[in-house]
Amino acid sequence: MHTSQRWDTAHFHEMLVELCEIKSGNYVLDLGCGTGRSLAAMLDAVGDGGKVVGLDQMAQPLAEVASRFARDINDKRLELVQADVLAAPFHDGQFDAVLCQNVIECVNEREALVTEAKRLLKPGGRLLLGHHDFDGIILASEDRDMTRRLVHGFADHKQAWQDAVEGRMGRLLPGLVTNAGFASVNIEARLFVDFDLSPGTYAGDYIRWLVDLAPDLGISDEDVSHWASRLTADVAQGRFFFALPWIGAVCRKPRS
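Residue numbers (the working numbering): 491 to 746.
Just so you know, not all the hints are guaranteed correct.
What the hints assert, rightly or not - Calculated cross-link-like contacts (lysine to aspartate or glutamate; reagent style EDC-like; alpha-carbon spacing at most 20 Å):
id: 1; residue 1: K608; residue 2: D695
id: 2; residue 1: K648; residue 2: D695
id: 3; residue 1: K612; residue 2: D633
id: 4; residue 1: K566; residue 2: D534
id: 5; residue 1: K513; residue 2: D534
id: 6; residue 1: K648; residue 2: D724
id: 7; residue 1: K612; residue 2: D582
id: 8; residue 1: K541; residue 2: E504
id: 9; residue 1: K541; residue 2: D498
id: 10; residue 1: K566; residue 2: E554
id: 11; residue 1: K608; residue 2: E511
id: 12; residue 1: K612; residue 2: D565
id: 13; residue 1: K541; residue 2: D582
id: 14; residue 1: K513; residue 2: D565
id: 15; residue 1: K541; residue 2: D565
id: 16; residue 1: K513; residue 2: E569
id: 17; residue 1: K612; residue 2: E632
id: 18; residue 1: K566; residue 2: E599
id: 19; residue 1: K513; residue 2: E554
id: 20; residue 1: K648; residue 2: E569
Claimed, not checked - Pairwise CB distance ranges, derived in the manner of DEER restraints:
id: 21; residue 1: R496; residue 2: H581; range: 21 to 29 Å
id: 22; residue 1: G537; residue 2: I628; range: 32 to 40 Å
id: 23; residue 1: S719; residue 2: D538; range: 34 to 42 Å
id: 24; residue 1: L666; residue 2: M548; range: 19 to 27 Å
id: 25; residue 1: A560; residue 2: D653; range: 40 to 48 Å
id: 26; residue 1: D498; residue 2: G708; range: 15 to 23 Å
id: 27; residue 1: L703; residue 2: N676; range: 14 to 22 Å
id: 28; residue 1: Q572; residue 2: I628; range: 44 to 52 Å
id: 29; residue 1: Q652; residue 2: S688; range: 43 to 51 Å
id: 30; residue 1: A577; residue 2: I628; range: 18 to 26 Å
id: 31; residue 1: H716; residue 2: Q584; range: 49 to 57 Å
id: 32; residue 1: R634; residue 2: A577; range: 24 to 32 Å
id: 33; residue 1: R745; residue 2: H581; range: 24 to 32 Å
If you're looking for bench data, these hints aren't it; they were derived computationally from the structure. Don't be surprised by glycine CBs; every beta carbon is placed ideally from N, CA and C.
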C-alpha cells in the first residue's frame with residue numbers, strides 16, 4: 491500500500507505505464523483504450539522503436555483517438571483496432587505488455603477477459619489490470635445519508651455502453667487473478683485525494699456526475715443542488731475532502 495497523492499490525470503496514466511514496466515522498443519496493447527488517456531504515456535515509453543495498439547469495441551472513442559494521434563498513426567507507431575475485448579484479433583503471444591484500465595467492470599465474463607489478456611502476452615510479458623473502486627470513494631459531507639445514496643447509486647449505475655457494472659471492482663481484482671496461472675501477481679493500491687472542486691480535479695468531475703445522475707436515483711434537482719452547494723461551502727471553509735481508491739494487479743506470464 492502506498493501513501494495517498496493528489497489527483498493528476500497525466501501522472502496517473504504515467505503511473506500505469508510504469509507499473510506495467512513498458513520499455514523502449516516494446517510492442518504493447520491498451521485493451522479497452524476508450525478515448526486513449528493512457529496512449530500518450532505508452533507512446534513515450536516505447537519510443538521510436540516500439541509500437542502501441544489501442545483496441546476498443548466502440549467506434550466513437552476510437553475516432554476521437556484517431557483525431558488526436560493522427561501523426562503517430564501515420565508514423566506507424568500507433569494502430570487502432572475496433573474489436574471485442576474478449577476476442578482480440580491477434581495471435582497468441584504478440585505483446586510485451588497489456589494495459590487494461592477501468593474495463594473489466596464493464597463485461598459480464600470477467601475471468602474470460604483475464605484469460606484473453608494473458609493469451610495475448612509473450613512469455614514473461616506483463617499485464618496491468620487496474621480499476622477504481624467506485625463503491626469505496628470517500629467524500630466528506632455533513633449530509634451522510636444523501637452522500638451515501640449518491641456515491642453507492644453512482645457505483646451501481648449501469649451506463650448504456652456497459653454490458654455490466656460492479657462498483658466494487660477494484661477490491662475484486664486480486665481474487666480474479668490469483669488462480670489465473672500467472673507466474674507472479676503483485677497487487678498495488680493507491681488513494682488519490684482532492685481538497686477542492688477546481689477544474690482538473692477528479693472530485694470536481696465526480697460531483698458533476700452525481701448531480702447529473704440524481705434524478706435517476708429519485709433525488710430532486712432542488713435537493714441535490716442544495717447538497718452540492720454545501721460541498722462548495724465546505725471548500726471555502728477548508729473542510730472539503732475527497733478520496734478515490736485505485737487497485738491494480740501487475741501480473742507476469744510464465745516464461746514457458
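Unmet hints by their number, sorted upward, for this structure:
1, 3, 6, 9, 12, 17, 18, 19, 20, 21, 23, 25, 26, 27, 28, 29, 30, 32 and 33
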